[in-house]
Amino acid sequence: MKKFLVFSILFVHYLFADISIIVNKENTLVSISKSELKVVFFLKSGKSVLRDSKFVKYNGRFANGLVPLPVDIETDNPIYEKFYIAIATANIEKMNRYWSRRIFSGRGVPPLRLKNEQEIIEFVKKNKNAIGYINQSNLTDDVKEIFTISFP
Amino acid sequence: MFNRLIFLPILLILFSVHLSALEIRLNGFATIAAGMTDEKDDVYHHYDDELSFSPDSVLGLQLDAELLDKLSGTFQLMACENYVDDDFQLEWAYLTYDYSSDFRLLLGRIRPSMFLYSSYLDVGYAYLWVSPPQEMYSFVPLTNIDGINLSYNHVIGDYELSLTGWLGDKKKIRGTKELTFKLNHSYIAGGEIALSHDFAKFRVSYARAKLTANLKNILLQPNKQLLSIYENRNTPAEDRYLLGLEKHPEIQFNDSLGQFLGFGMHADYKNIIFISEYIRRFVKKTAFPDLKSWYTTLAYRIGDFTPHFTYSSVKTNVATYTDREDAVLESVVNNVLQESANKTQSVTLGVRYKVNSSAVLKAEWISTNVDIAGSVQPLDGKINTFKLGLSIIF
Chain G
32 MKKFLVFSIL FVHYLFADIS IIVNKENTLV SISKSELKVV FFLKSGKSVL
82 RDSKFVKYNG RFANGLVPLP VDIETDNPIY EKFYIAIATA NIEKMNRYWS
132 RRIFSGRGVP PLRLKNEQEI IEFVKKNKNA IGYINQSNLT DDVKEIFTIS
182 FP
Chain Y
679 MFNRLIFLPI LLILFSVHLS ALEIRLNGFA TIAAGMTDEK DDVYHHYDDE
729 LSFSPDSVLG LQLDAELLDK LSGTFQLMAC ENYVDDDFQL EWAYLTYDYS
779 SDFRLLLGRI RPSMFLYSSY LDVGYAYLWV SPPQEMYSFV PLTNIDGINL
829 SYNHVIGDYE LSLTGWLGDK KKIRGTKELT FKLNHSYIAG GEIALSHDFA
879 KFRVSYARAK LTANLKNILL QPNKQLLSIY ENRNTPAEDR YLLGLEKHPE
929 IQFNDSLGQF LGFGMHADYK NIIFISEYIR RFVKKTAFPD LKSWYTTLAY
979 RIGDFTPHFT YSSVKTNVAT YTDREDAVLE SVVNNVLQES ANKTQSVTLG
1029 VRYKVNSSAV LKAEWISTNV DIAGSVQPLD GKINTFKLGL SIIF
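In the order they appear, the protein sequences are chains G and Y. Per our numbering, the very first residue in the first sequence carries number 32; after that it's consecutive. Per our numbering, the very first residue in the second sequence carries number 679; after that it's consecutive.
Read the hints as simulated data drawn from the structure, not as lab findings. By construction, the Cβ of each residue, glycine as well, lies at the ideal position given by its N, Cα and C atoms. Errors might be hidden in some of the hints.
Said to hold, decoys possible - The following label-pair restraints were derived from C-beta to C-beta distances:
#1 Y:L773 x G:E150: 28 to 34 Å
#2 G:R144 x Y:D1049: 39 to 45 Å
#3 Y:L839 x G:E150: 46 to 52 Å
#4 G:D172 x Y:F731: 37 to 43 Å
#5 Y:L783 x G:T171: 26 to 32 Å
#6 Y:F817 x G:Q149: 22 to 28 Å
#7 G:P183 x Y:S816: 22 to 28 Å
#8 Y:L783 x G:S66: 43 to 49 Å
#9 G:E150 x Y:W1043: 43 to 49 Å
As the list claims (entries may be wrong) - Chain G is nowhere near these chain Y residues, computed Cβ spacing over 12 Å in every case:
#10 K718
#11 T774
#12 V833
#13 E924
#14 Y956
#15 D1049
#16 G1059
#17 I1070
What the hints assert, rightly or not - Below 27 Å or equal to it, Euclidean Cα-Cα: the simulated BS3-like pairs (lysine-lysine) are:
#18 G:K69 x Y:K993
#19 G:K125 x Y:K948
#20 Y:K860 x G:K156
#21 Y:K1021 x G:K113
#22 Y:K993 x Y:K1060
#23 Y:K970 x Y:K993
#24 G:K69 x G:K113
#25 G:K125 x G:K56
#26 G:K146 x Y:K970
#27 G:K65 x Y:K970
#28 G:K125 x Y:K1060
#29 G:K157 x Y:K748
#30 Y:K718 x G:K65
#31 G:K65 x G:K125
#32 G:K159 x G:K125
#33 Y:K970 x G:K113
#34 Y:K718 x Y:K993
#35 Y:K1021 x Y:K888
#36 G:K69 x Y:K748
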């Protein structure tokens, strides 16, 4: 029962905590839209989002011209599903189906998935063009927040 | 099949240890399916009246490696009971060159997207049924080709447009337990136009190929009895028959032009899923029939359960031949033509259950009204098939 209570509190915490979209501090970008996030994290224009490719507006380049390098979190972390539901109304199952279709039809692999939010912060700190998402409560000075997904 | 599976974990470990420095991704999919029918030997669904684990079971491994900037390699290895020669088949092996974010070039063994589900046909996790409707998916045995594939992808707002073209050939095809023969597809050329939105996808595909097949033995078998009439004469029956085939080259594939046209759509809105496909197949200059096939699926998601309903149908248009000089030969030829006469419909009722985020359990009941006139195994009547499958991705 106690375990359940702790879990519920954690769950509620995750459910209502806002999500911060973070980039490297050197990135001049100041904001990003939900649909742009979708293009970046769904690698909509193919594998090449991970590479140096030409992307304008909707097709992957940040507004400042940098090619985004999305970094993801492992799917069993609650923030994963929360993020994808928020930007694309897609739950884990839908995301898994999306990626299994893309992987096995040879249209690319998902963004790198790290273990936890600390690793994501580290990754974004190290990579100039990286973009990730974390719970706002875990936000540090090491990275820059460019967008907040708010939950009621 | 399974003795070779032992090597997979070893392979896995080797790859993960030695290649961890490179950007390597290893993914896999598997379906364990069992099924049975109320027919003793159901050559249509390849099941019989006892519960068996083939033929929808499959194991696939895919390795994606970033080789150089813009250049990557993909290998997909598959094991399934349907394959004739090898337990493991190199289903895919190609190099990808990302010319730009929109253009990609694939070189090697690729999969032409002729159907809606072609490109992930064996990944049971990605669709509703244990296997896609037999009335459509069993009539074009071309699962991969050796050649090139050029694709263009563009995102405009919430819409994604993709244009794909492929060129190549295929020397050998995957056969079934019942039927193995050589069929060469050469000068395969085709393409797909697809437009997708968040919850819907529409597609059109076209493909053509020159077909050459050695069907002599297969054509001979069903007509042996008929041929026995000739036995007493000077020429042995088989020779006589082969002469007949030469006289009627139209009943064989001999550099014949085969064409394929496919339409498909998939919509997933709120909890309703609607899928439909329609295909036409024509083989010019042979007596092999034109084929028309379609299916429609409706499904509704209720929590972790997705019950679904499918109606599928296939219909052929068979020609008849006359040979005034040789009545026996005429009936032989017509017998051969009738082999491929097919007018079959199925109703599939099934349910897909989400076990967890990477595993689904599927159960389905298929009621098929078979009407295949072939003289090898004429099939006529109703067959009930029950299938159960577990599909995972990893």
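Hint check:
At roughly 32 Å, the beta-carbon separation of L773 (chain Y) and E150 (chain G) lies within the given 28 to 34 Å, and the hint holds. Under the hint 39 to 45 Å, the C-beta atoms of R144 (chain G) and D1049 (chain Y), about 51 Å apart, miss the expected range. At roughly 36 Å, the beta-carbon separation of L839 (chain Y) and E150 (chain G) lies outside the given 46 to 52 Å, and the hint is violated. Take D172 (chain G) and F731 (chain Y): their Cβ atoms lie about 58 Å apart, and the range 37 to 43 Å is violated.
Take L783 (chain Y) and T171 (chain G): their Cβ atoms lie about 42 Å apart, and the range 26 to 32 Å is violated. Here the CB-CB span from F817 (chain Y) to Q149 (chain G) is close to 54 Å, at odds with the stated 22 to 28 Å. Separation of P183 (chain G) from S816 (chain Y) is about 51 Å and departs from the stated range, judged on CB atoms against 22 to 28 Å. Between L783 (chain Y) and S66 (chain G) the C-beta distance comes to about 28 Å, which lies outside the given range of 43 to 49 Å.
Between E150 (chain G) and W1043 (chain Y), the C-beta spacing of about 47 Å keeps the proposed range 43 to 49 Å intact. Interface exclusion of K718 (chain Y) from chain G stands, the closest Cβ pair being 36 Å apart, more than 12 Å. With a least beta-carbon separation of about 7 Å from chain G, T774 (chain Y) fails to lie farther than 12 Å from that chain, contradicting its non-interface assignment. With a minimum CB-CB distance of about 5 Å to chain G, V833 (chain Y) fails to clear the 12 Å threshold, and the non-interface call is violated.
Distance to chain G confirms E924 (chain Y) as a non-interface residue, since its nearest Cβ pair spans about 43 Å, more than 12 Å. Listed as a non-interface residue, Y956 (chain Y) keeps its Cβ farther than 12 Å from every Cβ of chain G; the least gap is roughly 21 Å. Consistency note on D1049 (chain Y): stated as away from chain G, and its beta-carbon is indeed over 12 Å from all of that chain's, at 34 Å minimum. With a closest Cβ-Cβ approach of about 37 Å to chain G, G1059 (chain Y) is found to remain outside the 12 Å limit, as its non-interface label requires.
For I1070 (chain Y), the shortest C-beta to C-beta distance to chain G comes to about 10 Å, within the 12 Å cut-off, and the non-interface label is violated. A threshold of 27 Å between alpha carbons decides the hint, and for K69 (chain G) with K993 (chain Y) the separation of about 43 Å lies outside it, so the pair is violated. Restraint check for K125 (chain G) and K948 (chain Y): satisfied, since their Cα atoms lie roughly 12 Å apart, inside the 27 Å limit. Proposed proximity of K860 (chain Y) and K156 (chain G) is contradicted: the alpha carbons are some 58 Å apart, above 27 Å.
Taking the CA atoms of K1021 (chain Y) and K113 (chain G), the gap is near 49 Å; set against the 27 Å cutoff, the hint is violated. Between K993 (chain Y) and K1060 (chain Y) the CA atoms are separated by roughly 16 Å; this keeps the pair inside 27 Å, and the hint holds. Proximity of K970 (chain Y) to K993 (chain Y) is assessed by CA-CA distance (about 5 Å); at most 27 Å being required, the pair is judged to hold. For the given pair, K69 (chain G) sits about 14 Å from K113 (chain G) by alpha-carbon distance, which is consistent with the 27 Å threshold.
With a C-alpha separation of about 32 Å, the suggested pairing of K125 (chain G) with K56 (chain G) is violated against the 27 Å cut-off. Between K146 (chain G) and K970 (chain Y) the CA atoms are separated by roughly 50 Å; this puts the pair beyond 27 Å, and the hint is violated. Taking the CA atoms of K65 (chain G) and K970 (chain Y), the gap is about 43 Å. The hint is violated against a cut of 27 Å. For the proposed pair K125 (chain G) and K1060 (chain Y), the alpha carbon gap of about 36 Å is over 27 Å, so the pair is violated.
Between K157 (chain G) and K748 (chain Y) the alpha-carbon distance is near 22 Å, which keeps this suggested pair within the 27 Å criterion. At most 27 Å may separate the alpha-carbon atoms for a hinted pair to count; K718 (chain Y) and K65 (chain G) exceed this at roughly 57 Å. For the hint pairing K65 (chain G) with K125 (chain G), the CA-to-CA distance comes to about 18 Å; that is within 27 Å, so the pair holds. For the proposed pair K159 (chain G) and K125 (chain G), the alpha carbon gap of about 30 Å is over 27 Å, so the pair is violated.
Among the hinted pairs, K970 (chain Y) with K113 (chain G) is inconsistent with the structure: their alpha-carbon atoms are about 45 Å apart, more than 27 Å. Taking the CA atoms of K718 (chain Y) and K993 (chain Y), the gap is near 25 Å; set against the 27 Å cutoff, the hint holds. Straight-line distance between C-alpha atoms of K1021 (chain Y) and K888 (chain Y) comes to about 26 Å, which keeps the hinted pair within the 27 Å bound. A threshold of 27 Å between alpha carbons decides the hint, and for K69 (chain G) with K748 (chain Y) the separation of about 22 Å falls inside it, so the pair holds.
Violated hints, in rising order: 2, 3, 4, 5, 6, 7, 8, 11, 12, 17, 18, 20, 21, 25, 26, 27, 28, 30, 32 and 33; the structure is consistent with all others.
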